[in-house]
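S.K.: Letter by letter, the chains look like this.
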Amino acid sequence: MTKLSYSYYPGCSLHASAGEYDLSTRELFKKLKIGLTEIPDWFCCGATPAHNVDELLSLSLCAKNLELAEKIEGDLAVACAACFSRLKTTQHVLAENEVKRVQVEKAIDAPVHLNGSVKHLLDILAHDLGLERLASSVSKPLTGLKIACYYGCLLTRPTDVPNLDCTEAPTIMEKVIESVGAETVAWTHRLECCGANFTLSRPGVVLQLTHSILESAKEAGADCIMVGCPLCHGNLDIRQKEIESVYSTSYGLPVFYLTQLVGLSVGLSVNKLGLGAMMVNPLPLLKEKGIL
Amino acid sequence: MSRIGVFVCHCGENISRTIDVERVAAEVGKLPGVALATDYKYMCSDPGQNLLKKAIQEQKLTHVVVAACSPRMHEKTFRKAVESAGLNPFLCEMANIREHCSWVHENREEATAKAIDIVGMMVERVKKNRILPAITVPVTKRSLVIGGGIAGIQAALDIADCGHEVILVEREPSIGGHMAQLSETFPTLDCSQCIMTPKMVDVANHPMIKLYTYSEIELVEGYIGNFQVTIKKNARSVDENKCTGCGVCMAKCPQKKIPNKFDQNIGMRTAIFVPFPQAVPNTPVIDRDNCTMFKTGKCGVCQKVCGPGAVDFEQQDRLVVEAVGAIVVATGFDLYSIAEKPKGSPIKGYGEFGHGKIPDVIDGMTFERLASASGPTGGKILRPSDGREPKQIVFIQCIGSRAREKGISYCSKVCCMYTAKHTMLYHHKVHDGQAYVFFMDARTPGKSYDEFWRRSIEEEEAVYIRGMVSRLYQKGDKIVVMGSDIAVGVQVEIEADMVVLATAVQPQKGADILAQKLGISYDKYHFYSEAHAKLRPVECATAGIYLAGACQGPKDIPETVSQASAAAAKVMTLFSKDQLEREPIVARVRDANCVACFACKKVCPYGAVEEKEIRDRQGNLVKVVAYVNPGVCGGCGTCQATCPSKSVELDGYTDEQIVAMIEAL
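Top to bottom, those sequences are chains A and B.
First residue of the first sequence: 0, per numbering that gives the first Met the number 0; consecutive thereafter.
First residue of the second sequence: 0, per numbering that gives the first Met the number 0; consecutive thereafter.
Excised from the complex, chain B in its bound form:
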């Protein structure tokens, strides 16, 4: 016979205002199996927990029901209390009479009746609870960081500084990401390269960081603490161990007119190249699509001039497998290209703004390269079309962002600030120039951000026009910008020399494919989803995978760095134990009933279902059944609901428990 203790919480007045808690305790106390039913003002407080622990010991309770708030809030608290009193924590259940009852009802009589029902159901349920032993899995104390921008670099350095090995994988030939492309950074106007490149060097020199550049994630297997990651090292055509980074190969390469993606295609590079002089590693890559040797089989100049003989035309793509315990995803963002509607995308293009057709209509990142001292113009603001200095420049914000009719409804968050910065940089470099900004709202919530924006207007003479632009067109060597000034209520036409579009921040291309490899979820824009928007902002719902930076949503540098350090802290929390204990709420397959249809395998969002062979004593195959790997199972219960032969049960949520609850009603 069960001896159940029921503890009804007042939650200050949160519950007792609407529910007669004493009556709930009295009524529930009459149920068979209930040995004790009592109430207290704050069950979660120290005296409340002590009351519970004392009752377990004195009354020899076998099960506990705490009628209080949502289990999301305090289930862990009470299970811990129950455990410290010597009971298996999974023999404690919570009846949610706050969120599900007192907060949503007004009538005291009805709410009390409902609370009695809710608690009664949990009493019947807890009778069927089994002792669940904790599941432990070993932890491999190495981590993978995907993406070598500022987010990935920060996370990798933080983890490595704690003494744990980090595998840092970057798709491009150099780490640095978008931050390495920036000129100055808001709100202090310090040079991006000056604060970024030392960190890149730290990564290269760190004994605990293993760097894979020009590499991609091919396959991810395993689960928290025990991932196997296959990395594809693209053929660099240059032996990293032999190359000294002298740069002679680049100086001699005859192909010199290839648009450099790092310079937003306004600067040129050679076929054997490093994307920028401060690249890490300082090892060139041969762009095989544009290399004369690869196209015609004749040239090989770089190989001839290379002293150490590092150039290797025969090099192949290579797969390497690394075992890691945690993964930080930091794949960052890309800017929305407005020239054309991307094929197959729900996002519509901005043909009316002429980006991609009118050469002097550029995006914000291209302006960064123009303004950068290491950029293709050496930091001079010059028009891509004719190299003249623009005397009238128009900045247009919210291109793509906050434009539901174009397919994106979110705010890209960084554009207001970087446009204000652009007007300053422009004013510093073109003294007789005039900058205009078309904007919807100025969004500047950050430390010293609003002051920075005001400065662009008050001290740096930018003219801000509240309103949007309907159309741009080329007229002679000018660009006519037609817009409206809604503050004054007039149509505005500006003949500009150059137009800069603050295009929307989007996740990196292929973010969805990587998410599918990792088994993490993403939203309709392909930004990765955190486990909880407020309380678990750096963790994925998939255990052992963490998020840093703009791959989760648009972010500026300070926020990205904060999140990267937070992700590193989460990894360190995981690595602080040798064995990982996880909640034993996992699905279990009854081998005898399983008909091997593998419907469960198809629906499992965690990839936890495997095929298991059952053999007799002679080793003959009897049947194949589904097997849920307890290390991977997330305990969502989808398999249980799907199984047509009712062979899967989720521990802690068995059919028997659910039916008992329904019968109690």
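Here chain A stands alone, though its shape is the one from the complex:
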């Protein structure tokens, strides 16, 4: 089997509020013997603000990052769902639209590279590494842990752009986490929007949306939630106490990044996975389930 190796685009969140996602990704890949080389001098993908203000700017930011990634061998690994979405959208738009491609090439003063594959961590774990190899690396199966897999908006949408899985009824998260021994729950809100960056401008709306997501996960009998997006994580984890107080209820649902849960199953320690950084303390749950 050839050694898997990727260039790595962490994105701004992973160097800030989602530090534990970055940490757990690096540790997990190290443990699974998958090469990961951070792109030197990468910069912001533009996220939501750029494409709302100026499409050319948004495309150019991503195209430049893609060009930087070309210098490192291997496909490009992306952890953040928003960065993933922006990079994939850029590839899609520039492949379809010759005029925009020429504009972007002028803006970044370099030819646009569209051949390189941009892959979300889920894709790498499920398809490149493969579920069988992933399962064979497990030393501490997550037996008994009931997980609500939360996709949010960007991992699978819009149709034909990310091509990670079926747009409206995906299963890739469930497959990955079940392969390391966990149980998943069938729940209704796994593809609903969490409110994303309206968390700052319209927190009331976000509380309403995240409340129904948490409620749905709880009703389905989940012990915790798994995400693949720093913004979803922020809205569900950091805001959870606030939601509980506004709606006079109690969830106590730890919100894990997928790399943290998979990391636990392959025997990584609490510190290496940044579990201390989570607002809803997951340790009591993990101890109760005998995982720690």
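Just so you know, the hints here were simulated from the structure itself, not pulled from any lab data.
Just to be clear, a hint being listed does not mean it is correct.
Residues from chain A that keep clear of chain B, each with C-beta distances beyond 10 Å, as calculated [to be verified]:
1. 39
2. 130
3. 190
4. 241
5. 244
6. 279
List time: in silico DSS-like cross-link candidates among lysine-lysine, alpha-carbon distance up to 30 Å [as the list claims (entries may be wrong)]:
7. B:52 x A:288
8. B:477 x A:145
9. A:32 x A:174
10. A:217 x A:240
11. A:174 x B:356
12. A:217 x B:477
13. B:474 x A:240
14. A:32 x A:217
15. B:260 x B:347
16. B:40 x B:52
17. A:145 x B:40
18. B:523 x B:127
19. B:347 x B:412
20. A:145 x B:523
21. B:294 x B:508
22. B:297 x B:347
23. B:127 x B:611
24. B:533 x B:516
25. B:356 x A:217
26. B:198 x B:576
27. B:428 x B:474
28. B:303 x A:174
29. A:217 x B:474
30. A:217 x B:390
31. A:286 x A:30
32. B:412 x B:428
33. B:256 x B:379
34. B:516 x B:231
35. B:508 x A:145
36. B:75 x A:174
37. B:256 x B:303
38. B:231 x B:523
39. B:533 x B:356
Because the structure is a prediction, the values reported are computed rather than measured.
A virtual CB, placed ideally from N, CA and C, is assigned to each residue, including glycine.
We have chain A already, so just place chain B on it with the hints.
M.R.: This is chain B only, laid out in the frame that chain A set:
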């Protein structure tokens, strides 16, 4: 020496506006072999044709070139005129200076020069034309109709009423198709059974209709006028000749809980069954997969109670061969199941709508069975989950249809109307209920159709919400429907008791396999292709095979019946002659050159290429060569282009003719 007559048409102003027709005639008149070149305002008109006929006789013309429109338009017209003047029709060619020249160019000078070239090419070509004798084939005046839904029934009755025998083959145990499943029909709300079952009885009683139910097409050989069709009669396990249809076997069968496909699996049936009480023929079938006798070898109750001794566990599948001259394909449609992505299909599923998982999310056909007086609930609208009457019901249109991202881009055509009908039926049966409809557009182009749709809103109180649904989920015993109302620009959430999905109309499963047996073409969705979308809508490109109903594309009942009668009329046209004359544009193999690679056989879309043995006088095999059956050949020329040894020539389009045209340029 040829004496060619060239006739240049003005086509009113269609040609003469852009092309100097007089100059074309003058220039072409100088070419060697051209005896006469003239122009006229409307060559296809009666005086135009007379001009041509008179010239042939007076000038003793040997060949004719008509420079006018596309040969698709008027080749037949002029060849007929030429024939009536005593010349072989295949010595007349058309030079297309309208579609290929005047309609597509603006510069008069250049267009005229091009027209002169086009006509000049045809002059050189026509010099090489040979007399082609007409090909005649005998016609077997019996027809096969595949599919016993309303399309097949109508076509069969129309043909049989003209006195010609019809073989009607139906895959299911009874004829009737989907129409027999419907409750009421739009736009008049008459009961489907009431208008359908008499026709089914007519089929059963018609002396000229031979009915094969529970049977399938195994093999189709031959060509127009002369098909041999092998039909597989699946073992019914009941002797049709002995059975009286008394129904005692069904009453006594201990297996009573088998989901009935006819009732969309919400009603139950026995292992020995007729799909519905009005079935034709009223002869039961044993479902061997669910019969205790076939599973364990112990039971046989039906056999014991059968008075005439019709139950036969030993019966085998049987093959019968029927000779027919024409085939009407009327295999109909199926509804797209959205529960899962069909394996190997480019069409994506609708997991997000919970169909197949949430019991009270049903499709339109299931609603028909609920609303039908002969259905499993006796016509009461009740939820499959708990048998309660739904007080809030949501209908969602365009499920699968017009959803390119899900793999289907066409409109299913009938859903807008049947959903409007469903809201009415619901309102008639559940007086205190409320129906909501999520729709993209209401498409109601049909006689009295729009009035019908308006009635569902204005008189029957259906609430139409323009917008689509993103997701459904079960919450307690309700189904939460999340959608958008784009007219108002708000998100809508409805807690419904039942949801009905108007799922896309698709061709029957296995439509592609049947098409391959028949040698007819189909589109990427497996709907069968007509020969011409506008002018030959009921004929296949393969001669002698006709289409009726939804197997060609989504259709409602009136349209299906019209097409079925049209297909029957086409069959009768074919049967009106004893010998069939067909265009002699067929491929011919030069035995001496053929190296028997059979590349032609592989590419022939009509299956016209056969293997022919050549023997010497002592009967020793000299070689095997390809042979093109002129009765089957469609004259497409694919074999000619493919043949590596240049041994195949298409009459009327020989290499010599094509090269002559190129050299004339």
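S.K.: Next step is simple, just say for each hint if it's right about the structure.
M.R.: Here is what the structure says about each hint:
At roughly 38 Å, the least C-beta separation between residue 39 of chain A and chain B is larger than 10 Å, which holds for a residue marked as non-interface. No Cβ of chain B comes within 10 Å of the Cβ of residue 130 of chain A; the nearest lies about 19 Å off, and the non-interface call holds. With a cut of 10 Å on Cβ distances, residue 190 of chain A falls inside the contact zone with chain B, its closest approach being about 7 Å. For residue 241 of chain A, the requirement that its beta carbon stay farther than 10 Å from each beta carbon of chain B is met, with the minimum near 23 Å.
Here residue 244 of chain A stays apart from chain B, with its beta-carbon at least about 24 Å from theirs, past the 10 Å limit. The beta carbon of residue 279 of chain A is kept farther than 10 Å from every beta carbon of chain B, the shortest such distance being approximately 25 Å. Among the hinted pairs, residue 52 of chain B with residue 288 of chain A is inconsistent with the structure: their alpha-carbon atoms are about 99 Å apart, more than 30 Å. Proposed proximity of residue 477 of chain B and residue 145 of chain A is supported: the alpha carbons are some 25 Å apart, at most 30 Å.
Restraint check for residue 32 of chain A and residue 174 of chain A: satisfied, since their Cα atoms lie roughly 21 Å apart, inside the 30 Å limit. Between the alpha carbons of residue 217 of chain A and residue 240 of chain A the distance comes to roughly 15 Å, so the proposed pair stays at or under 30 Å and holds. With a CA separation close to 20 Å, the supplied pair residue 174 of chain A and residue 356 of chain B stays within the 30 Å bound. As the CA atoms of residue 217 of chain A and residue 477 of chain B are separated by approximately 18 Å, the hinted pair is consistent with the 30 Å bound.
For the hint linking residue 474 of chain B to residue 240 of chain A, the alpha-carbon distance of about 25 Å falls within 30 Å, and the restraint holds. In summary, the hint linking residue 32 of chain A to residue 217 of chain A is not supported, as the alpha carbons are separated by about 35 Å, beyond the 30 Å threshold. With a CA separation close to 24 Å, the supplied pair residue 260 of chain B and residue 347 of chain B stays within the 30 Å bound. For the suggested pair residue 40 of chain B and residue 52 of chain B, the alpha carbons sit about 16 Å apart, so the restraint of at most 30 Å is met.
Between residue 145 of chain A and residue 40 of chain B, the direct Cα distance comes to roughly 84 Å. Violation of the 30 Å bound is thereby established for this hinted pair. A hinted pair counts as satisfied when its Cα atoms are at most 30 Å apart, and residue 523 of chain B with residue 127 of chain B does not qualify at roughly 41 Å. Distance restraint check for residue 347 of chain B and residue 412 of chain B: the Cα-Cα separation of roughly 20 Å lies within the 30 Å cut-off, and the hinted pair is therefore satisfied. For the given pair, residue 145 of chain A sits about 43 Å from residue 523 of chain B by alpha-carbon distance, which is inconsistent with the 30 Å threshold.
For the proposed pair residue 294 of chain B and residue 508 of chain B, the alpha carbon gap of about 27 Å is at most 30 Å, so the pair holds. Taken as a hint, the residue 297 of chain B and residue 347 of chain B pair is broken in the structure, with Cα atoms around 44 Å apart against an allowance of 30 Å. Of the supplied pair hints, the one linking residue 127 of chain B and residue 611 of chain B holds, its CA atoms being roughly 29 Å apart against a limit of 30 Å. Between residue 533 of chain B and residue 516 of chain B the CA atoms are separated by roughly 26 Å; this keeps the pair inside 30 Å, and the hint holds.
At most 30 Å may separate the alpha-carbon atoms for a hinted pair to count; residue 356 of chain B and residue 217 of chain A meet this at roughly 20 Å. As the CA atoms of residue 198 of chain B and residue 576 of chain B are separated by approximately 29 Å, the hinted pair is consistent with the 30 Å bound. Taken as a hint, the residue 428 of chain B and residue 474 of chain B pair is honoured in the structure, with Cα atoms around 26 Å apart against an allowance of 30 Å. At most 30 Å may separate the alpha-carbon atoms for a hinted pair to count; residue 303 of chain B and residue 174 of chain A exceed this at roughly 53 Å.
Note on residue 217 of chain A and residue 474 of chain B: the hinted pairing holds, with a Cα-Cα distance of about 13 Å set against a maximum of 30 Å. Between residue 217 of chain A and residue 390 of chain B the CA atoms are separated by roughly 29 Å; this keeps the pair inside 30 Å, and the hint holds. For the given pair, residue 286 of chain A sits about 23 Å from residue 30 of chain A by alpha-carbon distance, which is consistent with the 30 Å threshold. Among the hinted pairs, residue 412 of chain B with residue 428 of chain B is consistent with the structure: their alpha-carbon atoms are about 26 Å apart, no more than 30 Å.
Among the hinted pairs, residue 256 of chain B with residue 379 of chain B is consistent with the structure: their alpha-carbon atoms are about 21 Å apart, no more than 30 Å. Our distance criterion of 30 Å between C-alpha atoms is met by residue 516 of chain B and residue 231 of chain B, whose separation comes to about 13 Å. Taking the CA atoms of residue 508 of chain B and residue 145 of chain A, the gap is about 40 Å. The hint is violated against a cut of 30 Å. Between residue 75 of chain B and residue 174 of chain A the CA atoms are separated by roughly 65 Å; this puts the pair beyond 30 Å, and the hint is violated.
The straight-line distance between the Cα atoms of residue 256 of chain B and residue 303 of chain B is roughly 21 Å, inside the 30 Å bound, and the hint therefore holds. Straight-line distance between C-alpha atoms of residue 231 of chain B and residue 523 of chain B comes to about 28 Å, which keeps the hinted pair within the 30 Å bound. Our distance criterion of 30 Å between C-alpha atoms is broken by residue 533 of chain B and residue 356 of chain B, whose separation comes to about 43 Å.
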